[in-house]
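4 protein chains.
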Amino acid sequence: MGNKIRLGILGGGGDSLIGVVHRIASNMFDRYELVGGCFNPNEEENKSFANRIGVPLNRVYVSFDVLIEEELKLPVEERMEVISVLTPNFLHFPMAKKLLEKGFNVICEKPLTTTHAEALELEAIQKEKQTVFAVTYTYTGYPMVRQMKDMIRRGVLGTIQKVDLQYYQGWINPVIHKPEERAKVWRLDPKKGGLSCCIGDIGTHAFDMLEYVTGMEVKKLLADLNYLYEDNPLDLDGTVLIRMSEYCKGVIRASQIATAEENNFTVQIYGSEGSLKWRQENPNELVHLTEGLPMQVLKPGHDYLSDFSLDSSKIPPGHPEGIFDSMGNIYNGVAKALRNEVHDEGAFPTLHDGVRGMLFIEKVLDSNANGNTWVDL
Amino acid sequence: MGNKIRLGILGGGGDSLIGVVHRIASNMFDRYELVGGCFNPNEEENKSFANRIGVPLNRVYVSFDVLIEEELKLPVEERMEVISVLTPNFLHFPMAKKLLEKGFNVICEKPLTTTHAEALELEAIQKEKQTVFAVTYTYTGYPMVRQMKDMIRRGVLGTIQKVDLQYYQGWINPVIHKPEERAKVWRLDPKKGGLSCCIGDIGTHAFDMLEYVTGMEVKKLLADLNYLYEDNPLDLDGTVLIRMSEYCKGVIRASQIATAEENNFTVQIYGSEGSLKWRQENPNELVHLTEGLPMQVLKPGHDYLSDFSLDSSKIPPGHPEGIFDSMGNIYNGVAKALRNEVHDEGAFPTLHDGVRGMLFIEKVLDSNANGNTWVDL
Amino acid sequence: MGNKIRLGILGGGGDSLIGVVHRIASNMFDRYELVGGCFNPNEEENKSFANRIGVPLNRVYVSFDVLIEEELKLPVEERMEVISVLTPNFLHFPMAKKLLEKGFNVICEKPLTTTHAEALELEAIQKEKQTVFAVTYTYTGYPMVRQMKDMIRRGVLGTIQKVDLQYYQGWINPVIHKPEERAKVWRLDPKKGGLSCCIGDIGTHAFDMLEYVTGMEVKKLLADLNYLYEDNPLDLDGTVLIRMSEYCKGVIRASQIATAEENNFTVQIYGSEGSLKWRQENPNELVHLTEGLPMQVLKPGHDYLSDFSLDSSKIPPGHPEGIFDSMGNIYNGVAKALRNEVHDEGAFPTLHDGVRGMLFIEKVLDSNANGNTWVDL
Amino acid sequence: MGNKIRLGILGGGGDSLIGVVHRIASNMFDRYELVGGCFNPNEEENKSFANRIGVPLNRVYVSFDVLIEEELKLPVEERMEVISVLTPNFLHFPMAKKLLEKGFNVICEKPLTTTHAEALELEAIQKEKQTVFAVTYTYTGYPMVRQMKDMIRRGVLGTIQKVDLQYYQGWINPVIHKPEERAKVWRLDPKKGGLSCCIGDIGTHAFDMLEYVTGMEVKKLLADLNYLYEDNPLDLDGTVLIRMSEYCKGVIRASQIATAEENNFTVQIYGSEGSLKWRQENPNELVHLTEGLPMQVLKPGHDYLSDFSLDSSKIPPGHPEGIFDSMGNIYNGVAKALRNEVHDEGAFPTLHDGVRGMLFIEKVLDSNANGNTWVDL
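Same order as they appear, the protein sequences are chains A, B, C and D.
Those letters in the first sequence? Residues 1 to 377, per our numbering, in order.
Those letters in the second sequence? Residues 1 to 377, per our numbering, in order.
Those letters in the third sequence? Residues 1 to 377, per our numbering, in order.
Those letters in the fourth sequence? Residues 1 to 377, per our numbering, in order.
Treat the hints as calculated values from the structure; they're not laboratory data.
There may be inaccurate statements among the hints.
[What the hints assert, rightly or not] Derived DEER-like restraints, expressed as beta-carbon distance ranges:
no.	chain 1	residue 1	chain 2	residue 2	range
1	A	Leu17	B	Gly292	35 to 41 Å
2	B	Glu246	C	Asn370	56 to 62 Å
3	A	Pro233	D	Lys184	52 to 58 Å
4	C	Lys192	B	Glu246	24 to 30 Å
[Stated by the list, open to error] With a Cα cut of at most 25 Å, we get these calculated PhoX-like pairs of lysine-lysine:
no.	chain 1	residue 1	chain 2	residue 2
5	B	Lys47	A	Lys47
6	C	Lys47	D	Lys73
7	B	Lys336	A	Lys47
8	C	Lys336	D	Lys47
9	C	Lys4	D	Lys47
10	D	Lys4	C	Lys4
11	B	Lys47	A	Lys4
12	B	Lys4	A	Lys4
[Unchecked claim] Here are some chain C residues pointing at chain D (derived, C-beta under 8 Å):
no.	residue
13	Glu281
14	Asn282
15	His319
16	Pro320
17	Glu321
Where a beta carbon is used, it is the ideal one built from N, C-alpha and C, also for glycine.
With the sequences and hints as input, model every part of the structure.
Shown next, in the form of structure tokens:
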């Protein structure tokens with residue numbers, strides 16, 4: 001089948017939402033062919049799912065380990081070139097590690113691992129192996145996010161002096177107020193949900209977006225988390241003071257008890273020469289403010305955009321693209337890297353972005369545990 | 001490959017925008033497999049394109065006629081089950097006709113044909129053959145459009161008393177004001193562009209949307225078209241007075257000289273019990289007005305929506321879906337019809353919708369030519 | 001009291017909404033002093049109202065005729081300089097006529113008269129008397145409307161090629177569907193409401209706005225009105241095709257059965273070089289579209305605006321002003337004219353605007369009665 | 001002049017913006033008569049200003065002290081009943097103190113004083129004197145703010161669990177980046193501008209709004225301020241972590257270096273049963289989110305609103321009111337208190353609100369100076 005990239009998928013079977021997103025995204029630019037995988041630990045379901053989505057059963061494997069073993073037996077030109085890891089969070093690390101060690105390219109869902117130490121371990125291996133490794137911070141694929149990154153890179157905003165990101169959802173509110181109900185939510189069980197709920201799920205998206213669009217690193221933070229009830233072990237809400245430098249300050253705000261909010265992720269970046277504002281729920285508008293000029297609203301597909309943004313929308317202005325298209329752009333970025341094509345530095349979020357995300361989670365928890373004090377990143 | 005629907009495509013090769021949309025849409029629900037087609041009349045380009053998008057060359061045919069001939073030789077269980085017609089407009093009729101006669105199911109781009117008479121001919125054949133035939137009025141696939149249709153069907157708006165649709169673009173403005181430039185625009189050449197430009201391209205979308213969401217038929221119209229220059233043979237802009245019944249009046253407004261508008265398609269339906277308003281450029285919000293109550297804004301994916309709408313979005317609220325997803329819903333509707341699954345009456349726009357669209361174009365031109373007088377549909 | 005303009009008011013007593021608006025508007029720029037009037041035909045209510053709002057009783061008159069008689073006895077430097085006519089519509093003409101004849105300046109609510117003939121009569125007298133006469137098309141006072149007018153005047157939009165105005169309300173819907181209820185609505189009784197309901201009330205606002213912002217005249221129109229029920233004598237809704245010139249076409253849409261709409265008045269003007277869009281319910285944003293540039297949103301109080309617009313907002317950007325402020329700007333314009341100060345040509349709507357408005361109403365009714373045919377203005 | 005409230009004004013002369021706002025506001029409900037004042041320390045300008053705005057010169061005084069002295073000589077039924085203090089901030093305290101001591105009712109601009117101690121002193125006197133004392137936190141007069149207050153009071157949101165307020169302006173950005181320019185800005189000179197710039201000017205508005213709409217008190221805060229340059233002595237930007245109770249946390253964000261923002265003041269209140277969101281730049285929309293229901297947008301003037309909100313708009317829905325109207329509602333509230341009419345508890349911001357505001361400023365500065373630590377209020 002021509003020169004398509006041979007893709008394998010781990011997890012994402014059944015009704016997995018993230019599975020649908022990755023499959024559609026990989027198809028968008030006609031660059032990938034899904035040649036096999038292990039979608040489900042249950043053998044029967046694994047096969048029937050593969051059958052339903054049209055993947056030949058000969059490369060549908062009973063386990064991750066068998067997949068590795070069998071694929072390595074295939075000649076390089078038939079072997080899976082890149083493998084998407086869509087399994088539960090705690091499996092990301094062992095799978096990614098083995099894939100890296102065996103020389104596979106990887107597309108891994110976020111959070112990259114369960115601890116920062118694990119993430120650093122992956123980074124060390126990748127440096128040695130030099131494979132392509134993407135972490136799917138999905139929102140970085142939107143054309144107007146890429147336009148933000150490009151404008152800031154070109155200095156359109158001057159020196160960044162203030163940053164403000166919000167990621168508000170309300171989905172935990174309906175289950176949090178009754179003790180028996182909240183006890184049953186897996187996401188609030190540290191054994192299943194990990195160290196953090198709100199910061200781990202969505203705070204990291206905001207953190208990654210901040211570093212992605214500004215090209216700067218967060219240097220210090222001070223966090224205040226909310227758990228709402230004494231018996232609730234994981235954070236539901238947090239406000240994180242941020243220092244990008246001594247005089248570039250800001251805030252990341254994340255909540256899953258912002259009642260009835262859907263997925264209200266906003267970015268506001270203020271510089272000495274202008275400002276940019278973007279809202280995920282209306283992703284095709286980018287507001288650009290400049291002192292003394294009318295407010296400008298940039299939209300996808302126009303010649304006035306950067307090539308990086310234009311390359312991230314598929315049809316003419318006025319035809320809304322959405323979250324699937326955003327993920328599609330990330331897959332397209334990975335494809336370019338795999339095929340050694342020229343691509344923008346931000347074409348896909350990297351393993352390093354995943355490492356930073358894990359560091360952020362741990363430092364936020366540290367700061368909160370230490371009485372809301374400053375910690376360095 | 002399991003039980004996937006075997007899809008063939010005519011046209012849509014090279015950089016065709018509509019080709020991308022159909023391919024992505026057909027993949028969205030893991031229900032179709034693109035098994036072959038004839039993407040380009042140039043044999044070399046046809047093959048290289050097929051290669052690039054990963055379609056096996058053995059079913060990439062040198063011409064439409066060869067495709068028909070060869071596919072018919074295949075056993076029914078291998079033969080293309082449905083064929084998407086994405087060729088230039090004047091080819092829709094001959095291709096759709098032959099496909100119908102040979103018993104193929106068809107997905108055809110709009111406009112269905114170049115005349116109403118041709119459209120009626122197709123309809124007559126289809127009635128006999130009883131195949132599935134969809135016309136891709138893409139915008140009808142949006143979840144909030146389907147919610148509109150369902151709410152009106154359930155009587156939420158009471159008796160419809162006023163309708164108002166707008167479809168404004170600006171793309172012709174940059175080329176229309178210089179005689180030598182406008183003479184070169186194929187869309188304004190009747191030999192290539194057909195009877196109508198603005199009404200044929202976008203007025204029909206508004207007309208179809210009106211009949212789709214209300215479930216009512218337009219009975220009469222009076223049209224006023226604008227050509228801007230005496231030497232310009234095709235309409236650039238038109239306002240069409242509408243009668244749905246003696247006391248249900250309205251207007252369809254379409255323009256391609258609404259300078260710098262992108263794809264500003266809006267629907268406003270007013271009934272005795274409430275109103276609905278929707279805007280294509282922000283497709284995930286549906287405004288519902290009721291006397292004496294706060295304005296309500298409905299969004300995709302919520303339990304308060306109809307099943308028909310819920311079935312048309314793939315992920316939880318707050319994750320924007322767009323025009324590709326809208327087309328995906330239409331392909332999914334066709335898939336249900338092909339597999340004899342229960343599906344909503346509006347799951348995809350039908351051949352009859354295409355016939356109505358051609359009637360609309362002809363009647364608008366008649367009314368305008370007759371000095372802006374009323375004509376019956 | 002210094003050099004303040006001595007203002008008298010006719011009507012507007014009790015709970016009159018329009019009375020409040022005019023009183024607040026006249027105070028906004030510290031230029032008027034309300035010295036007297038006749039607020040109510042009932043003597044007792046007239047006095048108690050005057051007392052409540054703090055007008056000295058010595059110039060509160062029992063009738064319009066007495067007011068004229070007594071004021072004329074006063075020396076010119078004490079006499080009311082301008083009189084606002086806020087009485088029921090049918091009284092506008094006789095009052096305005098007498099005021100003009102006696103040399104008073106007038107601020108008259110719309111509609112100016114009940115027929116176009118009456119309006120012409122007033123215009124003839126005013127030409128002779130050379131007094132200041134304003135007709136309060138309130139919406140023309142908004143700073144962003146004035147910005148529109150100025151930008152079009154300066155040629156920013158190039159040649160205007162399409163115009164589209166909408167004025168949708170829903171207030172008649174709750175009363176129209178029951179025969180006994182609609183029979184009781186005074187606005188639908190031709191004896192009280194005049195020749196037209198919807199077109200007379202709000203269609204004229206749209207018509208005036210169109211001629212105000214473009215500086216062009218409507219040359220021809222074709223109207224389609226809706227009455228919803230056979231026994232309802234006055235129009236509830238209308239769509240009016242417009243010709244500003246042979247190739248500048250457009251539409252005015254007005255409705256009072258657009259269920260649950262509040263006061264949804266929008267203006268869209270498209271020219272060869274750009275477009276402007278404005279919405280009364282969010283009056284502090286003016287959208288400027290230009291091919292190839294990001295959408296621009298202009299807001300009041302910025303240096304990038306015209307002097308005419310800047311002069312129409314009182315405080316810095318970001319502090320919303322509203323409908324009272326809009327009327328205040330009209331009063332300020334009249335004040336400038338009365339004091340012979342330099343003022344913009346559009347500083348207030350003139351008697352001629354009122355005359356045009358009456359012509360529009362009559363021509364719309366003619367066109368509709370003649371089977372929706374073109375009529376010249 | 002009937003029973004109008006006799007109003008005096010201190011300051012607000014010449015081109016004072018706040019003077020215009022107070023004069024228009026006091027006129028809106030026909031309840032006040034401006035009988036005198038001292039508008040300007042310069043005698044000539046004082047008189048010519050009084051003359052221009054039509055205030056009789058016999059009660060235009062050369063100084064504040066003379067005003068007090070002379071007014072006290074007048075019989076109570078002629079004496080100014082309430083005096084608006086619009087002078088520079090450092091004069092608020094001595095003037096308000098003397099006015100209180102002499103038994104005058106006061107309307108005072110914010111900030112109430114320059115220190116919390118002064119504010120407490122005023123409060124002590126007022127408790128003794130029992131006069132009416134309003135502090136003009138102007139934004140609390142908007143009808144939709146009052147609707148928020150009322151809905152929260154009635155329990156519509158359940159238990160408040162998260163609050164988030166933003167007040168972003170950009171006006172200091174153009175002057176801050178050049179040392180010689182920033183040295184000349186009086187607002188950044190501690191001798192003239194007081195202890196704080198950003199927090200004092202606008203952070204207090206957000207703080208007051210929070211306590212106003214929730215009816216709750218902020219218990220603790222932790223602040224992080226930004227000065228941008230080492231030689232700049234006053235804060236330009238600050239983020240303040242908030243505790244309303246152990247488990248009701250939140251954030252107040254204020255900035256005057258949010259480049260090219262106008263007056264972007266937003267309020268987001270999240271409770272266990274729903275949420276409310278409001279934005280000052282579009283003040284006539286109040287968003288109400290409830291889990292499982294469509295988003296609701298409430299607008300002024302509708303029967304579904306509380307009486308308190310309805311009483312704060314003057315005309316029917318769809319006619320925007322603005323910041324002048326908001327201040328008018330505060331003056332109307334004061335009028336009701338002065339006339340012993342029944343009025344809502346939130347009819348005007350009180351002296352106590354002013355005291356809280358001063359406490360907030362001092363505590364924010366303390367927290368920031370102490371290395372961003374928690375301080376109690």
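Hints and how they fare:
Distance hint for Leu17(A) and Gly292(B): a CB-CB separation of about 39 Å, consistent with the stated range 35 to 41 Å. The supplied range of 56 to 62 Å is broken by Glu246(B) and Asn370(C), whose beta-carbon atoms lie about 18 Å from each other. Restraint check, Pro233(A) to Lys184(D): a C-beta distance of roughly 54 Å satisfies the suggested window 52 to 58 Å. With their beta carbons about 27 Å apart, Lys192(C) and Glu246(B) fall inside the hinted range of 24 to 30 Å.
At roughly 33 Å between alpha-carbon atoms, Lys47(B) and Lys47(A) are farther apart than 25 Å, so this suggested pair is violated. Taking the CA atoms of Lys47(C) and Lys73(D), the gap is near 32 Å; set against the 25 Å cutoff, the hint is violated. Only pairs whose Cα atoms come within 25 Å are accepted, and Lys336(B) paired with Lys47(A) is accepted, the gap being roughly 23 Å. Our distance criterion of 25 Å between C-alpha atoms is met by Lys336(C) and Lys47(D), whose separation comes to about 23 Å.
The hinted pair formed by Lys4(C) and Lys47(D) meets the criterion: a straight-line CA distance of about 15 Å does not exceed 25 Å. Of the supplied pair hints, the one linking Lys4(D) and Lys4(C) holds, its CA atoms being roughly 21 Å apart against a limit of 25 Å. As the CA atoms of Lys47(B) and Lys4(A) are separated by approximately 15 Å, the hinted pair is consistent with the 25 Å bound. Proximity of Lys4(B) to Lys4(A) is assessed by CA-CA distance (about 21 Å); at most 25 Å being required, the pair is judged to hold.
Hint status for Glu281(C): holds, given a least beta-carbon distance of 6 Å to chain D, under 8 Å. Because the closest C-beta pair between Asn282(C) and chain D is about 7 Å apart, less than 8 Å, the hint holds. Taking 8 Å as the C-beta contact cut-off toward chain D, the hint placing His319(C) at the interface holds, the least distance being around 4 Å. With a least beta-carbon distance of about 4 Å to chain D, the hint placing Pro320(C) at the interface is held under the 8 Å criterion.
The interface hint given for Glu321(C) holds, since its Cβ lies 4 Å from the closest Cβ of chain D, which is under the 8 Å cut-off.
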